[in-house]
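K.L.:
Sequence:
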Amino acid sequence: MDIKARPVLRPSTNDLWFLSYLPLAVSDGIATPLIPLLALQHFGASAFVVTIIIAASAMSQVPFTILWGNLSDRVAHRKFFLVGSFLATGVSVILIALASDLITFFWLNVVEGLASAASAPIGTMLLLETRHKRWWPQDIGLFGLISGLGTTAGLGIGFVWLFVIGYSQPAIATMTALLVASGVLALVSAVIAWAWIEEPSARVERKSVAGLLSLNRGVVERIRHVRQRILGLVDLTRSTAEKLPAREYLFLAALGVMSVGFDIFYGPFPVFLWQNARFTDAGVFIVYLGSSAASTALFFHSGKAVDTHSPKTVFLESLGGRVLLMLLFLWGPLYVLFGLGSPALLAWLTLLNALLGVTWAFISTASTLFLVRLVGRSARGRALGLYNAVAGAGSLIGTLLGGWLYASYGVDFAYLTAALTVVLGGALLLPIPYHLFQLAHSPSHRHQFAQSSRAVTGPSRRSGASRRR
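Start counting the sequence shown at 2; every next residue gets the next number (our numbering).
It is worth saying that the hints were derived from the structure and are not from the lab. Note that the structure is a prediction, hence the values are computed from the model and not measured. Glycine residues also receive a C-beta, built at the ideal position from the N, C-alpha and C atoms. One or more of the hints may lead you astray.
Between beta-carbon pairs, the in silico distance windows are [said to hold, decoys possible]:
1) I166 x A428: 47 to 57 Å
2) F414 x Q42: 22 to 32 Å
3) E199 x W332: 49 to 59 Å
4) E130 x G321: 17 to 27 Å
5) T281 x L103: 16 to 26 Å
6) F164 x L341: 14 to 24 Å
7) L335 x V165: 26 to 36 Å
8) L99 x L251: 41 to 51 Å
Let's have the full structure, built from the sequences with the hints guiding it.
P.N.:
The structure is reproduced here in structure tokens:
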């Protein structure tokens, strides 16, 4: 048998339920930049308050991600948890759009985080329980692709809605209607899930697939996807303590420092675009769209590059490129030359954010594979659980710190601090001796493994960047 031959697509009556995540991803693409914009314009929130709202939603998801996952292991019907999560998410988003004051707006975001927390761990287990093990990497990769395409489509819809449909309408009313549409899309996901999800005939123990579950990095880097990285906490609560060598802990420390730096930059990012760059709401969506499209386009290609080169080299080179791009966002002659709010400045910052999306595609892949090849097989599950927990905690700290620095000292100081923090994290990687451990699998399997390290287990509700970004 040719191990490099492309496998034949498997017939299945369950494939359609994958699409239940597509409207949710589109909803996510709409809501990610829209919620901070509404907080800024509708309620007059400060930059720090906006970042608190974003971080509170993400933090509220952490304990409930563990709770919903554990409950679904004890109850016979995973489908009901997933459908309920989609329904509650859609209703929460609609109520956020209709909130009458900032306090209500804040708490509804927290409720939305609680409601959406079930979609990642339960969706993951439902996939694993309805698929043969050999299809897991491809299916998780498909979910990652759905996430990227859906988010990109959502950002595109947001731009068209704000710039074309609602161009002559009051801004607040237009954004409110758009956020209601985002909630309706989440409800559509619930309908599709109810119609097409079939209950699995067998159960899979999450602790038996800890390594795969922990390989959970967002396609689009943004804070409202931070729960996906904290999904590894599920494994930490179920695994025995396995001592890791000092170099692995140094790697995790570097990862934490870098995650703080990334989100010092991206925490106040929508505020920077609206207040400092003077972009319209539609312009903010365009800048986000650049990063989302770039990350999605390189989703699989970055895995090939990392699989054929040293993950440490790719990681450090991508970090260097990201630092330089962050510094280009600082105030400079181009802002004066192009003019605040101008199409030229919009094109420039969209290009920079797209390039940041390119670096994220390589960083998210290389960092995971770096750690996987650094540790032994017996400690891999524990190491990956720590990886996700450290990255998630760093993102939350960075978001709050970024908002405070922006509000207290201005955008230039905040972004310079972000760049220097990433440099410090990269410097911590330099003394780590890297050994390319050969995985005990075929070359084609290693490529599938690299793909799964970048995939999300369904385009679940918000994180960063965090695309974040």
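K.L.:
If a hint holds in the structure, say so; if it does not, say that too.
P.N.:
Now for the hints, and whether the structure bears them out:
no., hint, verdict
1, I166 x A428: 47 to 57 Å, "48 Å, holds"
2, F414 x Q42: 22 to 32 Å, "25 Å, holds"
3, E199 x W332: 49 to 59 Å, "55 Å, holds"
4, E130 x G321: 17 to 27 Å, "42 Å, violated"
5, T281 x L103: 16 to 26 Å, "22 Å, holds"
6, F164 x L341: 14 to 24 Å, "18 Å, holds"
7, L335 x V165: 26 to 36 Å, "28 Å, holds"
8, L99 x L251: 41 to 51 Å, "48 Å, holds"
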